[in-house]
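> So the sequences go chain by chain: A and B. Following the numbering used here, the numbering of the first sequence begins with 1 at its first residue and continues without gaps. Following the numbering used here, the numbering of the second sequence begins with 1 at its first residue and continues without gaps.
Check the hints yourself; a few may be wrong.
[Said to hold, decoys possible] Here are some of the chain A residues that sit facing chain B, going by a computed Cβ distance under 10 Å:
{"#": "1", "residue": "Val-14"}
{"#": "2", "residue": "Met-18"}
{"#": "3", "residue": "Leu-88"}
{"#": "4", "residue": "Val-89"}
{"#": "5", "residue": "Met-105"}
{"#": "6", "residue": "His-109"}
{"#": "7", "residue": "Phe-110"}
{"#": "8", "residue": "Leu-112"}
{"#": "9", "residue": "Met-116"}
{"#": "10", "residue": "Ala-125"}
{"#": "11", "residue": "Leu-132"}
{"#": "12", "residue": "Arg-173"}
{"#": "13", "residue": "Ala-176"}
{"#": "14", "residue": "Pro-179"}
{"#": "15", "residue": "Lys-180"}
{"#": "16", "residue": "Glu-186"}
Note that these hints are calculated values from the structure, not bench results. Quick caveat: nothing in here was measured; it's all calculated off a predicted structure. Don't be surprised by glycine CBs; every beta carbon is placed ideally from N, CA and C.
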Amino acid sequence: MATREPEITPAADVMVRMNQINLSFGENHVLRDLDLNVAPGEKVVIIGPSGSGKTTILRVIMTLNRPNSGTVEIDGRHLYHEKNNGQLVDAGEKHIRAVRTDVSMVFQHFNLFPHMTSIENTMLAPIKVLGLSKEEARERGANLLEMVGLGDKYNQYPGELSGGQKQRVAIARSLAMRPKVMLFDEVTSALDPELVGEVLAVLTDLAKEGTMTMMLVTHEMGFASEAADRVLMFDAGNVLEEGTPEKILRDPEHKRTQRFLKAVLSH
Amino acid sequence: MRVVVAQASQRGVWDWDFALEILPDIVRGLWQTVQATLLGITIGMILGLVLALLRRSGVRLISWPTAAVIEFIRGTPLLVQLFFIFFVLPSFGITIGAFASLVIGLGIHYAAYTSESYRAGIENVVRGQWEASVALNLPPATTWTRIILPQAIPTVIPALGNYLVAMFKDAPLGAGISAGGVLLVANSIRSQTLRGVEPYTVMGILFLVVSVPAALFVRYLERKYGYERT
Ligand SMILES: Nc1ncnc2c1ncn2[C@@H]1O[C@H](COP(=O)(O)OP(=O)(O)OP(=O)(O)O)[C@@H](O)[C@H]1O
Ligand SMILES: [Mg+2]
């Protein structure tokens, strides 16, 4: 049986704690002994070359990829493990689901439900997972669609929306779950250049609002320097260097980071 | 069934009066065949979905036997299965009437085929839909009933339509276990009157009258559901 209390470790200052994470796809050792802590309310931007494992980190936190070893804690509760007689054992589905409610993820390719309207996309999970009534879920969804600037698109199907609009619906859909942690995986990189701004504006507003912990993989350096508390430069499955946006973007220590930034900025 | 004109066999190759006279009986037989088909496809569609889901189960103790059963059903002829249900099961204390045997046999036989269509339809739902369901922490039952199946089933509808037409053409096999239906009627008219041309010709034409519009309807379904909304 999943219990809530015993897993809480006294670490109020850490929202996401990844401890000695290893993950391989066959021979490909993607995450190597990764330790990563994210504070409550912190906005972390992850940058790094293609294939360095940025998406994989987010997917581990979302339980889309299970690590081969190591532990993940969300707000003090183990995600993949539960305590049994004081010992950490692999968690059952029920426990994972209980902890996972605190996390949601927005994808590069939106992954909206194509057979549901915008408002229905936002309503389903709050009704089925949080137990909201239809009316409550509709009101919550409507407010969020309003907030992301889609107050006039409640009843459109995803197929009737532009890429930027779809991504804003996807953000509203995740926000409707009121997660403590939101993960964003290159959410603007599938968009036409002229649509990137509207999505970044929503993300910037969210970041400025404060309370939610956000982890974003993005190569939008302007956004990173405006909204991030910390930038992580990722390489070969681990953090190469980290620091404030000013530090990492203006004055990185590693040659690798300098070269990477040069390539991204000239792009 | 009424006993039809005894001297019919003394007339020419084709006798219009005789053909008209047997028409009502053949239509009644065809109606039974249609009923068996409609009931059979209902079982085939529901059982096929259940088989598809069992086959996808992560538990091998469930998925492997299901796969074996599907292969077994697909590998044996429908007529043999009908004989098994009607003549063999009673030896094990399970006695089912001829018409019910036909309906059940058609349903099970076609479920093995529809299950493969469902499976393809389910696999065609892009992985991102499963991942979004995880990202929203949807319970598995909701993921299936609200996300995956509503996208999978429309793509399966044309295949189900084709199976409906195919089943209609297989349903006369029920004559083999005397389950009623159009072929049984035509057979008995022939044996009573010793004329085969009219009953079998009328039956053939009536089959076309039903199955051609049905096939056109399936074409329409294909156009309607053949491509996906995105
Ligand atoms: N499902 C998978 N199966 C096998 N290999 C995978 C899988 N997912 C990712 N990989 C591999 O893991 C490595 C890290 O992938 P990941 O997607 O995390 O990189 P990334 O940093 O997000 O790259 P990009 O900037 O291109 O998105 C890559 O070498 C990739 O090929
Ligand atoms: Mg990636």
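> Taking the hints in turn, state whether each one holds.
Status of the hints after comparison with the structure:
Because the closest C-beta pair between A/Val-14 and chain B is about 21 Å apart, greater than 10 Å, the hint is violated. Checking A/Met-18 against chain B by beta carbon gives a least distance of about 18 Å; that is not within 10 Å, so the hint is violated. A least Cβ separation of about 22 Å between A/Leu-88 and chain B goes past the 10 Å threshold, and the interface hint is therefore violated. Interface hint status for A/Val-89: violated, as the beta-carbon distance to the closest one in chain B is roughly 20 Å, over 10 Å.
Because the beta carbon of A/Met-105 sits about 4 Å from the nearest beta carbon in chain B, less than 10 Å, this interface hint is met. The beta carbon of A/His-109 is positioned within 10 Å of a beta carbon in chain B (closest approach about 6 Å), and the interface hint is therefore held. A hinted interface residue such as A/Phe-110 counts as satisfied when its beta carbon comes closer than 10 Å to some beta carbon of chain B; here the least separation is about 8 Å, so the hint holds. Restraint check, A/Leu-112 versus chain B: the minimum CB separation of about 7 Å is within 10 Å; hint holds.
With a least beta-carbon distance of about 8 Å to chain B, the hint placing A/Met-116 at the interface is held under the 10 Å criterion. Look at A/Ala-125: its Cβ gets to within about 4 Å of chain B, closer than 10 Å, so that hint holds up. Given hint, A/Leu-132 at the interface with chain B, is violated; its Cβ is 13 Å from that chain's nearest Cβ, farther than 10 Å. For A/Arg-173, the interface hint holds, the least distance from its beta-carbon to any beta-carbon of chain B being 7 Å, beneath 10 Å.
A least Cβ separation of about 9 Å between A/Ala-176 and chain B falls short of the 10 Å threshold, and the interface hint therefore holds. Taken as an interface hint, A/Pro-179 checks out: its beta carbon lies about 9 Å from the nearest beta carbon of chain B, inside 10 Å. Hint status for A/Lys-180: violated, given a least beta-carbon distance of 13 Å to chain B, over 10 Å. Nearest Cβ of chain B to the Cβ of A/Glu-186: about 14 Å, over the 10 Å cut. The hint is violated.
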